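Following the hints, complete the assembly by docking chain P onto the known chain W.
Residue numbers (my numbering), protein chains in the order written: chain W, 1 to 328; chain P, 1 to 251.
If you're looking for bench data, these hints aren't it; they were derived computationally from the structure. Note that this is a predicted model, so its numbers are computed, not measured. Ideal placement from N, C-alpha and C gives every residue a C-beta, glycine not left out. Incorrect hints may appear among the rest.
[Said to hold, decoys possible] Where chain P lies over chain W, by a calculated footprint (3+ residues, C-beta under 8 Å): (1) 94-106; (2) 111-124; (3) 140-153; (4) 193-200; (5) 259-266.
[Unchecked claim] Straight line, CA to CA, 20 Å or less: simulated DMTMM-like cross-link-like pairs of lysine to aspartate or glutamate: (6) W:K323 with P:D238; (7) P:K245 with W:E322; (8) W:K234 with W:E202.
[Said to hold, decoys possible] Far from chain W, some chain P residues (derived; all Cβ distances over 10 Å): (9) K32; (10) V105; (11) I193; (12) K199; (13) I213.
Chain by chain, the residues:
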Amino acid sequence: VSTLVIAEHEGGTIKAPSVSAVAAAKSLSDDSSISLLLAGSGPSLHEAASHAASCHPSVSQANPLLTNKFKNPLAEPWAKLVHLVQQSGGYSHIIAASNSFGKNVIPRAAALLDVSPITDVTGISESHTFVRPIYAGNALSTVRYTGANPCVLTIRSTSFPVPQKSVDSKVDQAPISQVDLSTFDEDHDKSRYISHTSQDSERPDLGNARIVITGGRALKSAENFKMIEKLANKLGAAVGATRAAVDAGFVPNDLQVGQTGKIVAPELYMAFGVSGAIQHLAGMRDSKVIVAVNKDADAPIFQVADYGLVGDLFEVIPELLEKLPEKK
Amino acid sequence: MKIMVAIKRVVDYAVKIRVKPDKTGVETQNVKMSMNPFCEIALEEALRIKESGFASEVVAVSMGPSQCVDTLRTGLAMGADRGIHVDSTATLFPLSVAKLLKALVEVEKPTLLILGKQAIDDDCNQTGQMIAGLLNWPQGTFASKVIVDKEKQVATVDREIDDGIETLSLDLPAVITTDLRLNQPRYATLPNIMKAKSKPIKKYTPQDLKVEIKSDLEIIQVTEPPKRKAGVMVSSVDELINKLKNEANVI
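Just chain W, with the same shape it has in the complex (with noise of 0.2 Å):
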């Protein structure tokens, strides 16, 4: 089993997600050999892939590629790297996160490999075989890859949770080579980026964070949403909002939770206001602790709850906000 993880950097460091799919590829097989796909400019890539070399025990090779060409982190571009990369490298198995970055590249790259993806993989019992959720995890898919290499997966960060590491662990770190662009075919870009914009805030990523705070539709505005954000602050948490929320323009769209939004899985998930539609259940029932407040005693939120209190959301807030201890 030799596996190529397409990996994401920022700051000089692999983001969270493509730490869980190395963890993922670790699970393939006992003696899988590892090797990340990094690219992007300056001297940022050169720090993250150092730190890709020494991520993981079990990654024995980092890819770094630096250049211009992927500044931007478009779908076509980087499925015809994946390509390339797969060409040469003859890999048995490639795995990306699940998020936006994985979905929009991962099946543009394995149509051009002509095989079938396997997305959101939540579990892997052997080398070919995979459980992931369908029908917005109501069901659990168990899929066997059957065909030709290299099989491609992308995972459910949340399944494949990566272990704090202890402070004297000696990693020998993986060696670093340059990928090969001399066959890289440079046509002509039919896609452009033009801009990104995003809200910066101080909170914890929502889909890494210990707890997460959740309003829904009755919170009615967004003056009002920003209770949700003051206990959020209070605990260390990160905001999460249902899909009526961001609709009603209360808070911004990445901050949606559900079947089509983040998955998260924290410790500690609080829904204030939330009904519990079944899409929104498929964002976050693998919470360890489900905490729901709601006027309605019949929503269905109180069903997957661990601690369910009736009561007007309004009321609940500020006295929650004021006898919660501060955090340190």
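Same frame as chain W, now just chain P:
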């Protein structure tokens, strides 16, 4: 310019699905079937582009058993000009769908191909990216805004990504896959439902399109997810904080 839209017939989004006792799949007999919600958004976007004068024709395509024709009729009632049904009783995984679509693109020569970003049954989120790769067309996936410039033959697409919105400019022809907030699909009116009955639906088989349906995937079993154990109701904020601190140890 012509727009092709791919639509999938799926179990209605409001149905609570049941896993078959023999673990071969999900019960679809006597279950309400509908157009995949993301495909409705894709068709709506195509119709709006046509209504703004940028396109002359919208062709809806569906693949699968004969009942797909019902879903195509719904699309025609929403306003698509004609339908194409690729008749197949075999399980069609996204790679096969993408190959069939590629063959149809070669026949129909659309300038824009719009698909839903994912189907709510298998949740694959693959077909649009795969057909774009096979055609070597640029792709704008998870679109929340699409602006077509007919003069420059360019589409500007806002994409919903993990950390915000990304804007791309794509040369036409291109593939676009739709996210939830792109538009609010219309309902078919009764006169349009009547009119849809006489709109043409052309039938193809995979053999007609010279696509061999083979699969490199095997579904071994479909099971129910583990149930969460029943929780408790608390009666006050104090009790909740106490439980979270001393029982769950999470704060």
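Index of numbered hints that the structure contradicts, given in increasing order: none
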